[in-house]
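Enquirer: What follows is the residue order along each chain.
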Amino acid sequence: MIYLQLFFSFLQIGLFSFGGGYAALPLIQEQVVTLHKWLELSEFTNLVTISQMTPGPIAINAATFVGLQVGGIFGAIVATIGSVLPASIIVSALAYFYIKYKNVSWIQHVLSTLRPAVVAMIATAGISILTTALWGTSTVSLGTVRIDMIVIFAIAFIVLSKFKANPITVMLLCGVAKVILFYVTAL
Amino acid sequence: MENKAQLRKKLFLSTFYLSAFTFGGGYVIITLLKNKFVDQYHWIDEKEMLDLVAIAQSAPGVMAVNGAIVVGYKLDGLIGVLISILGTVLPPFIIITIVSYFYEAFQSNQFIALMLDGMQSGVAAVIAAVVLDMALGIVKEKSILNNIVMVIAFICAFVFKINVAWIVITCIIIGVARMFIFERRHDS
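In order, the protein sequences belong to chains A and B. Numbering (my numbering) for the first sequence: 12 to 198. Numbering (my numbering) for the second sequence: 65 to 252.
Treat the hints loosely; a few may be bogus.
Unchecked claim - When the alpha-carbon atoms are kept at most 30 Å apart in a straight line, the in silico BS3-like pairs for lysine-lysine are as follows:
1. B:225 - B:111
2. A:173 - B:68
3. A:113 - B:68
4. B:68 - A:111
5. B:206 - B:74
6. B:74 - A:113
7. B:74 - A:48
To be verified - Here are some of the chain B residues that sit facing chain A, going by a computed Cβ distance under 10 Å:
8. 69
9. 70
10. 71
11. 85
12. 106
13. 111
14. 118
15. 174
16. 177
17. 178
18. 228
19. 238
20. 251
Think of the hints as simulated: they come from the structure by calculation, not from any bench. Cβ coordinates follow ideal geometry from the N, Cα and C atoms, glycine included.
Let's have the full structure, built from the sequences with the hints guiding it.
Expert: Dropping the structure here:
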């Protein structure tokens, strides 16, 4: 039963992928390439590339992509449901306890200690994205930094924090700016 | 707050819209969720948002989906969860379905490549702006311990690449210890 296999495979991926994003990659590879041979390694690489170029978490992208290849649109639906099911149950339960007990004194102490750590972790994720933006695939050094990207970043940052611009509009405009800069400098 | 039907519609549309533009991983959607639900709609306050992110992080699965689930649950219980999952999962589902048919053309298109490249800068700027905002919020609380936690957590995550789960567990332990010290001081 291909649909059941898809479902359980992605259920496992959803259940055991801690740390998000690319941390799930080896897990997906094991299920999809090594264990079930649903994709060749080269197809898996394509999947990673597509995931980098499109929005959306890689686990969901993988579920949709693999599901489509193996079991058509129904396969894609089954695999996607499998991949989000464990998190929906666990996170809902945690949220339930949070809302019920958040005024309990020791929970408050724990939460107020977690908040600064969460900010730090978001900052860390932000820096790694900034590094890829500014240096692309080349090694990080002063000489290899891409000036156009620094300019785009700086303007976007100012527009966002000073003028509270809409983040999605800013993101899209950054893309447009890059396209324009590229063709202008190519002239 | 508006009536239920309107809230649900808004919840679905905003998670759908945010997910459709979440390039570059889970934390991006967290910053966008904060922007939408804290700053724009005022449905959740900033402290609560950070708590919800901590919850999203301590469970397995995809950050973007988990983030949407906690916000959905907070706003409308289990129905909110379903709506926000649907809103978050549909855009990548639709996009991947389309892209997998046109993969070759999509991959070799220079315009798309440049656009995506430039958008990375934008994504980084969005995160930077939100982090600055939130970090200032922590600093303003004037708790020395919280500031130390923020700096050390950053060093652990960024310099030493320590797994997020360990940082969360350590903070929980510190928080519990903190309560005991606090209670003892109260008693004496």
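Enquirer: For every hint, state whether the structure bears it out.
Expert: Evaluation of the provided hints:
1. B:225 - B:111: holds, 26 Å
2. A:173 - B:68: violated, 34 Å
3. A:113 - B:68: Given pair residue 113 (chain A), residue 68 (chain B) holds - Cα atoms ~24 Å apart, limit 30 Å.
4. B:68 - A:111: holds, 21 Å
5. B:206 - B:74: violated, 36 Å
6. B:74 - A:113: holds, 26 Å
7. B:74 - A:48: Violated: residue 74 (chain B) and residue 48 (chain A) sit about 41 Å apart, past 30 Å.
8. 69: violated, 22 Å
9. 70: violated, 21 Å
10. 71: For residue 71 (chain B), the interface hint is violated, since the closest Cβ of chain A sits about 16 Å away, which is over 10 Å.
11. 85: holds, 5 Å
12. 106: Constraint on residue 106 (chain B) not satisfied, violated at 14 Å.
13. 111: holds, 7 Å
14. 118: holds, 4 Å
15. 174: holds, 9 Å
16. 177: Holds. Min distance 8 Å.
17. 178: holds, 5 Å
18. 228: holds, 6 Å
19. 238: Interface hint status for residue 238 (chain B): holds (5 Å vs cutoff 10 Å).
20. 251: Hint violated; residue 251 (chain B) Cβ to chain A Cβ min 13 Å, cut 10 Å.
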